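Single-letter residue listing:
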Amino acid sequence: MAKLVRGAAWLVLLVVLLALPLYLDAAWLKAGQYMMIGGVGAIGLTLVVGQAGQLSLAHAFFLLAGGTAYTVLSGPTGDDRVVGFGLDPGLSLLGAVVVSALLGLAFAPVAGRLRGIYLGVASLALVFLGLYFGQSAEELTGGTSTGRAPAPFSLFGFPFTNDGPQITLLGVPIQQAERTWYLFLLLTVLAFVIARGAVRGRVGRSWRAVRDNEAAAAVMGVSVLRAKAGAFAVSSAYGGLAGAMTVLWFDILKPDESEFGTYGINVSIAYLAMVIIGGLGSVPGALVGALIVNGLPQVLALYSADLGWFSGTGDGALTPILVSSFVYGAAIILVVLFEPGGLAAIGRRITQKRLRRQPGQPAEEP
Amino acid sequence: MNTFLQLTVNGLGKGAVFALLALGFVIIFKATEVVNFAHGSLVLFGGYLVVVTRDALGWVGASLAGIVSAGLLGLVVERLLLSRSRHADANSLALLTIGVDVIVTEEIVRRLGVTLPFLGGAWDAKPFQLGGITLFRTHLVALGVAAVLITAFWLAFKYSNWGVAMRAQAENREAAALMGIRSSRVTATAWLVAGLLAGVAVLFIATQDFSGAGLSRGTHSIALAAFPAAILGGLDSTAGAVVGGLVVGLVEALSAQYVSFDFSKSAVFLVMLVVLVVRPSGLFGTRERTRV
Numbered sequence: 021m022a023k024l025v026r027g028a029a030w031l032v033l034l035v036v037l038l039a040l041p042l043y044l045d046a047a048w049l050k051a052g053q054y055m056m057i058g059g060v061g062a063i064g065l066t067l068v069v070g071q072a073g074q075l076s077l078a079h080a081f082f083l084l085a086g087g088t089a090y091t092v093l094s095g096p097t098g099d100d101r102v103v104g105f106g107l108d109p110g111l112s113l114l115g116a117v118v119v120s121a122l123l124g125l126a127f128a129p130v131a132g133r134l135r136g137i138y139l140g141v142a143s144l145a146l147v148f149l150g151l152y153f154g155q156s157a158e159e160l161t162g163g164t165s166t167g168r169a170p171a172p173f174s175l176f177g178f179p180f181t182n183d184g185p186q187i188t189l190l191g192v193p194i195q196q197a198e199r200t201w202y203l204f205l206l207l208t209v210l211a212f213v214i215a216r217g218a219v220r221g222r223v224g225r226s227w228r229a230v231r232d233n234e235a236a237a238a239v240m241g242v243s244v245l246r247a248k249a250g251a252f253a254v255s256s257a258y259g260g261l262a263g264a265m266t267v268l269w270f271d272i273l274k275p276d277e278s279e280f281g282t283y284g285i286n287v288s289i290a291y292l293a294m295v296i297i298g299g300l301g302s303v304p305g306a307l308v309g310a311l312i313v314n315g316l317p318q319v320l321a322l323y324s325a326d327l328g329w330f331s332g333t334g335d336g337a338l339t340p341i342l343v344s345s346f347v348y349g350a351a352i353i354l355v356v357l358f359e360p361g362g363l364a365a366i367g368r369r370i371t372q373k374r375l376r377r378q379p380g381q382p383a384e385e386p
Numbered sequence: 009m010n011t012f013l014q015l016t017v018n019g020l021g022k023g024a025v026f027a028l029l030a031l032g033f034v035i036i037f038k039a040t041e042v043v044n045f046a047h048g049s050l051v052l053f054g055g056y057l058v059v060v061t062r063d064a065l066g067w068v069g070a071s072l073a074g075i076v077s078a079g080l081l082g083l084v085v086e087r088l089l090l091s092r093s094r095h096a097d098a099n100s101l102a103l104l105t106i107g108v109d110v111i112v113t114e115e116i117v118r119r120l121g122v123t124l125p126f127l128g129g130a131w132d133a134k135p136f137q138l139g140g141i142t143l144f145r146t147h148l149v150a151l152g153v154a155a156v157l158i159t160a161f162w163l164a165f166k167y168s169n170w171g172v173a174m175r176a177q178a179e180n181r182e183a184a185a186l187m188g189i190r191s192s193r194v195t196a197t198a199w200l201v202a203g204l205l206a207g208v209a210v211l212f213i214a215t216q217d218f219s220g221a222g223l224s225r226g227t228h229s230i231a232l233a234a235f236p237a238a239i240l241g242g243l244d245s246t247a248g249a250v251v252g253g254l255v256v257g258l259v260e261a262l263s264a265q266y267v268s269f270d271f272s273k274s275a276v277f278l279v280m281l282v283v284l285v286v287r288p289s290g291l292f293g294t295r296e297r298t299r300v
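Protein chains in written order, with the working numbering: chain A, 21 to 386; chain B, 9 to 300.
It should be emphasised that the hints constitute simulated quantities derived from the structure, not laboratory data.
Remember, it's a predicted structure, so these values are computed and weren't measured experimentally.
Keep in mind that the hints are not guaranteed to be accurate.
[What the hints assert, rightly or not] Covered by chain B, per the in silico footprint, the following chain A stretches (three or more residues, Cβ under 8 Å):
1) 146–157
2) 284–292
3) 348–355
[Said to hold, decoys possible] Restraint ranges, calculated between C-beta atoms of paired labels, are given here:
4) D183(A) / Y266(B): 47 to 53 Å
5) L72(B) / F270(A): 45 to 51 Å
6) W170(B) / V239(A): 39 to 45 Å
7) P96(A) / G139(B): 55 to 61 Å
8) L114(A) / Q265(B): 41 to 47 Å
9) T166(A) / A130(B): 38 to 44 Å
10) S278(A) / L88(B): 27 to 33 Å
11) A235(A) / A130(B): 53 to 59 Å
12) Y266(B) / L125(A): 27 to 33 Å
13) G177(A) / A96(B): 51 to 57 Å
14) A247(B) / G27(A): 54 to 60 Å
15) L33(A) / S93(B): 29 to 35 Å
16) A247(B) / D108(A): 53 to 59 Å
Quick reminder that beta carbons are idealized off the backbone N, C-alpha and C, glycines included.
Please put together the full structure from these sequences, using the hints given.
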């Protein structure tokens, strides 16, 4: 019974998400797309941090790696200023995921040896290497001053821009904003389903065994190194996908000039915030965390335009980004102090009260 | 050769400041096993207080006010947030400090706006010649101050009651409590001392000679570079913090000159990675043993 209700709830949510582009205008769709980027990235991070117990501050690096890989793979071949392979955008997106996963694997020998906070700071090294890479590998990234434009996405020849066949659904023309929404929704749902499958299956059990006690896991026949490497690679692949989505969303790949920016420490911390707020290890929690951390600045900016908030500019102005930083900073503190399981634990408690889980039914992922 | 000598002195000067910051991480970690991600915001807070009080108190008074307030902020964070969540494990408390860091840093950066004041008025941008090489006073003073403070800390750690209590708690928290050591007092002073050291460090960081920039978000990220210093020395070793700090300072100064300025930030982290691959708990850190 409980399962049925939960399934129905997911179905309703999906239908609503599918219908939203018919009612929202382009600016709100754009905000929604940004939340989905955060969702994909946060799912990846929650797997490695929450499920496998490996603290990673490297997520921003994998965003940059994925974004760069997509742009290079799909870029035009004839440009002598930058490298491009002219591949099909759909293939390039897949390539970006693969490249990021391989980079994650390359870091695995280091990750395998380190634990806890040592690993966290070691992974921070990747963010700084990414900064240097963005500054120096101008043939790939386009450089910090100009960046470079990614190829617009298309799938099997169907463009996700305003070109191509004109489609109208219930009187609403399905254009770039709507098409990108559906693309991102598809990617988010895929990311979600795969992560849930991993968490519930053999892989997830090996991750949790390693997280809870490495020695015990090894005794039980789990290959600790392989589990750690796997978790890091999967999480990097998710980060890479989110990075490619980021580049498509901004419509530009622009590496940072300092360690704060689109691919800086602050972004690594923002993703960590999503995961903590959502509840470490919970896949749905990661989505809710992304909704708060990535969504709040977007929503505040849109509302403030209507309501005249944040009208101040220049010195000491309160911007939507600043306000949402305060909110998620406070949210982290409150979660750790009062509900270490995050929003996922709160949600679980509510549904448990409502539905009375049958005895013997396995609990959801912790 | 002269360039090399000059770089070495400047690198050691920078390293001394990193050592002060790394020592702060280590003290807190030893007392509580919490890694303080909010250290950068303690640095910013101290610096900001210097800026605010400078007109009223003069440079000396303002600097003292800054140092004390950074220490107090550390104390407040510990008393108000960390001490209230004893049931939480050290790792989630480390995450909590990220929340503190985000809030404090954003607020101070907002208040600073576009004004990026320099702090080290007494020694900043006063180079002098010595035997054909140009030395910066900031680096020399930093070396001297750090040497005095670290020696004082080391003596206190070794011989004072506080130091004994601190070491006992680092060794075994429960046993220390049973022997009558008030763990809350040890923890609180650890945060206070770490904050004071951060407050001293910022007087050197936000200078022309050290970072080339005034108090800003960049100051916060320089404080982050003390992270690799603490880690490569070993998070629970005070000697490691000093060595780690000096290594980071030297690596940064030398790589900025001989490779490129852009590279110097990542060079520090690369060196740390290499050390960690060889010794996963840092140069002087205690190896973690697992019991099944």
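How the hints compare with the structure:
no., hint, result
1, 146–157, "holds (count 6)"
2, 284–292, "holds (count 3)"
3, 348–355, "holds (count 6)"
4, D183(A) / Y266(B): 47 to 53 Å, "51 Å, holds"
5, L72(B) / F270(A): 45 to 51 Å, "46 Å, holds"
6, W170(B) / V239(A): 39 to 45 Å, "43 Å, holds"
7, P96(A) / G139(B): 55 to 61 Å, "58 Å, holds"
8, L114(A) / Q265(B): 41 to 47 Å, "43 Å, holds"
9, T166(A) / A130(B): 38 to 44 Å, "42 Å, holds"
10, S278(A) / L88(B): 27 to 33 Å, "32 Å, holds"
11, A235(A) / A130(B): 53 to 59 Å, "54 Å, holds"
12, Y266(B) / L125(A): 27 to 33 Å, "32 Å, holds"
13, G177(A) / A96(B): 51 to 57 Å, "54 Å, holds"
14, A247(B) / G27(A): 54 to 60 Å, "59 Å, holds"
15, L33(A) / S93(B): 29 to 35 Å, "34 Å, holds"
16, A247(B) / D108(A): 53 to 59 Å, "57 Å, holds"
In summary, this structure violates none of the numbered hints.
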